[in-house]
Amino acid sequence: MGNLLAVSTKRLTKAFDGKEIIHGCNMTVEKGTVYGFVGKNGAGKTTVFKMLLGLLRPTMGEATVLGMDSVRDRSEILRHTGSLIETPIFYEHLSAADNLKIHLAYMGIENTDLENVLTLVGLANIGTQPVSTFSLGMRQRLGIARALVHKPELLILDEPINGLDPVGIIEMRELFHTLVRQENYTILLSSHILSEVEQIADRIGVIVDGTVIQEISPAEIKEKHPAGIEDYFIKVTNGGKANE
Amino acid sequence: MNKLISLELKRNSLKSYHISVVITTVIMLGFLYLLAAIPKMDPADTDAELFMSYNFIIGLSNVVCMAIFSIMSAVMASKFIVEEYTGKKAILLFSYPIERKKILEAKILTVFSYTAFSMIVCGGFILTVFLGTERLFPLCSDTISLGMIWDSILSLLCYSFIAALLGVISLWFGFMKKSISVTIVASCIIVSVICQIMGMSLFYRPVIISTLAATLIIAVLAWSNLHYQVKRMEV
Chain A
1 MGNLLAVSTK
11 RLTKAFDGKE
21 IIHGCNMTVE
31 KGTVYGFVGK
41 NGAGKTTVFK
51 MLLGLLRPTM
61 GEATVLGMDS
71 VRDRSEILRH
81 TGSLIETPIF
91 YEHLSAADNL
101 KIHLAYMGIE
111 NTDLENVLTL
121 VGLANIGTQP
131 VSTFSLGMRQ
141 RLGIARALVH
151 KPELLILDEP
161 INGLDPVGII
171 EMRELFHTLV
181 RQENYTILLS
191 SHILSEVEQI
201 ADRIGVIVDG
211 TVIQEISPAE
221 IKEKHPAGIE
231 DYFIKVTNGG
241 KANE
Chain B
1 MNKLISLELK
11 RNSLKSYHIS
21 VVITTVIMLG
31 FLYLLAAIPK
41 MDPADTDAEL
51 FMSYNFIIGL
61 SNVVCMAIFS
71 IMSAVMASKF
81 IVEEYTGKKA
91 ILLFSYPIER
101 KKILEAKILT
111 VFSYTAFSMI
121 VCGGFILTVF
131 LGTERLFPLC
141 SDTISLGMIW
151 DSILSLLCYS
161 FIAALLGVIS
171 LWFGFMKKSI
181 SVTIVASCII
191 VSVICQIMGM
201 SLFYRPVIIS
211 TLAATLIIAV
221 LAWSNLHYQV
231 KRMEV
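So the protein lines, in turn, are chains A and B. Count the first sequence with the working numbering and you get residues 1 to 244, in order. Count the second sequence with the working numbering and you get residues 1 to 235, in order.
Check before you lean on any hint, since a few could be wrong.
What the hints assert, rightly or not - 20 Å max Cα-Cα, derived EDC-like pairs, lysine to aspartate or glutamate:
hint, chain 1, residue 1, chain 2, residue 2
1, A, Lys101, B, Asp142
2, B, Lys10, A, Glu92
3, B, Lys88, A, Glu110
4, B, Lys89, A, Glu92
5, B, Lys89, A, Glu86
6, B, Lys101, A, Asp73
7, A, Lys40, A, Glu230
8, B, Lys10, A, Glu110
9, A, Lys31, A, Glu153
10, B, Lys231, A, Asp69
11, B, Lys102, A, Glu76
It should be emphasised that the hints constitute simulated quantities derived from the structure, not laboratory data.
Just chain B, with the same shape it has in the complex:
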């Protein structure tokens, strides 16, 4: 499997995705400071109280990050998978003496791992820089505690895996229609729904865990159906 993944990486350059991750990291860092500064912009606004809690602003930042990374995951899946199983490219892919399901698994694992890992690195960097500066020059009136840091890390891990799993679910829609645009549009729609649920629950941990479990189940079903489709595919 490692060999198949390394071949995927040789065939498809990751450079553009690395650049996207760096740009996302810079923008999200700025976004996090903006969230922390909201109460200071208009102290009379009572709704801004929400932004005085680290849990809220880090949770919100993680959700936005999840939306960005899940759409990036869909773009990557459409390039690595949907495009390669469409038209004449599929002839090349099916001409290798390797089980079709193994090649598909390598592709999905590549996209899944890259999405989850890059979001963890991006979120981890943002969190470290933000909490580092907050210790020295606090913008937020909340206090930094070990429990809060642990909650933030846990939320980052959950959202990173949700982002990667949403990529697999969007892939299923795109694969059904063999369309790059369907993959990306499906991703945008799904991620909008998930973000609404998270926003309404104010990043309540059981909701995050339940969402992770639900996306995991749906992604596993999508994965097994993709296996079936690829096995039956004729080109």
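Isolated chain A, as found in the complex:
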């Protein structure tokens, strides 16, 4: 079972200044699936993502990513993972292609078809204009391109459709589906757009006050909550069921 999991956390806990922001968080993401992570603002989604990527050290518990420990094997995890955390930061004076080239150099990868990746995210023929002139949506697309360009096994995307227009959201949904179905990627993403998560994700994890209280498939939500995912979300986040 272990090698079928892209991500698993056991009693993951993170405290800042003595206050537990994440506590006893258990979650599992199967390989080759899209896992949607939802929760209110401040519930701890980004903190969990940061711990998976080794940007934060767990206070207690453990996180395993692609079979590796998030603290001990940080570099190896980063090599096989693409991430977009918070608002993506770029080298503003450089072009999109140059930003990707630098990223690849740090990743130790050469000879990647940058144009193809930029086309995939809807930035074809972007030319040499510096990133400082990009709109919010273009920056988000470039952030996703950077997460993809080194061909990782796992994508950890924190609100990847933030700032995208409706067409962009549909394009990204199709891209994520293609990556998972055809190229066997695993995607762990968070979003506040519940209807989108419902369409993209194979499994949804709901985090409330630093704990994943439920992991459920969109089909189960439909079955148990005919009123829809928003109704389910409000009930769960206010009720706080135990982790199932």
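Following the hints, position chain B against chain A.
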């Protein structure tokens, strides 16, 4: 390491620093001629005798140069290092599958090497032009000797490394507070103290060597503490 340094240079443009070095070179050349001309401006002033020695005026010019380059080094360190380890930029930096300490080392080495090398080039150019014109149209009553040239080169090398090491020490202060202004203010304060010591010792060689040794030890301690901080950093 070379690859990491070349990536640093791709990400951060050095153009503005090149311009600063050229401006500094022009100003310092003028300053050196001004120092040599002081005794001629007021021949009655007995204190101006100090300026009749090449060792003194070149030493003074090197100290001023060191002050300028160490502050430039602090500015560069704040841009290359402090800024990149602050806020969301640090997330990008820590997302690369490379040991954190190696990236930090590449950054410090880039700033250190640029400061030392550019000051050696700037000082070397000034010295060559000044001594060249002094051979033809001497302003200073002192004589040019091989020993004096050797002393000047040695002093330039020492001050260049002190300037680069002071950049690392100022960086430590700025990094502690994650503040660009603290880095630059710390640099100004440290460099003022060092300049006073040099001025009081009249550029006595053992004082220069001791200062170089002391700054080296403090910079190595700062470097190792920066390693520790970066290793423990959470973003």
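Going down the list of hints, with the structure as the test:
A threshold of 20 Å between alpha carbons decides the hint, and for Lys101/A with Asp142/B the separation of about 57 Å lies outside it, so the pair is violated. Proposed proximity of Lys10/B and Glu92/A is supported: the alpha carbons are some 12 Å apart, at most 20 Å. Taking the CA atoms of Lys88/B and Glu110/A, the gap is about 26 Å. The hint is violated against a cut of 20 Å. Between Lys89/B and Glu92/A, the direct Cα distance comes to roughly 12 Å. Compliance with the 20 Å bound is thereby established for this hinted pair.
Restraint check for Lys89/B and Glu86/A: satisfied, since their Cα atoms lie roughly 11 Å apart, inside the 20 Å limit. A threshold of 20 Å between alpha carbons decides the hint, and for Lys101/B with Asp73/A the separation of about 15 Å falls inside it, so the pair holds. Among the hinted pairs, Lys40/A with Glu230/A is consistent with the structure: their alpha-carbon atoms are about 12 Å apart, no more than 20 Å. A C-alpha spacing of about 16 Å is found between Lys10/B and Glu110/A, which places the hinted pair at or below 20 Å, so the restraint holds.
A C-alpha spacing of about 9 Å is found between Lys31/A and Glu153/A, which places the hinted pair at or below 20 Å, so the restraint holds. Distance restraint check for Lys231/B and Asp69/A: the Cα-Cα separation of roughly 17 Å lies within the 20 Å cut-off, and the hinted pair is therefore satisfied. A distance of roughly 16 Å separates the Cα atoms of Lys102/B and Glu76/A; the hinted pair therefore holds under the 20 Å criterion.
Checked against the numbered hints given earlier, the structure breaks hints 1 and 3 and satisfies all the rest.
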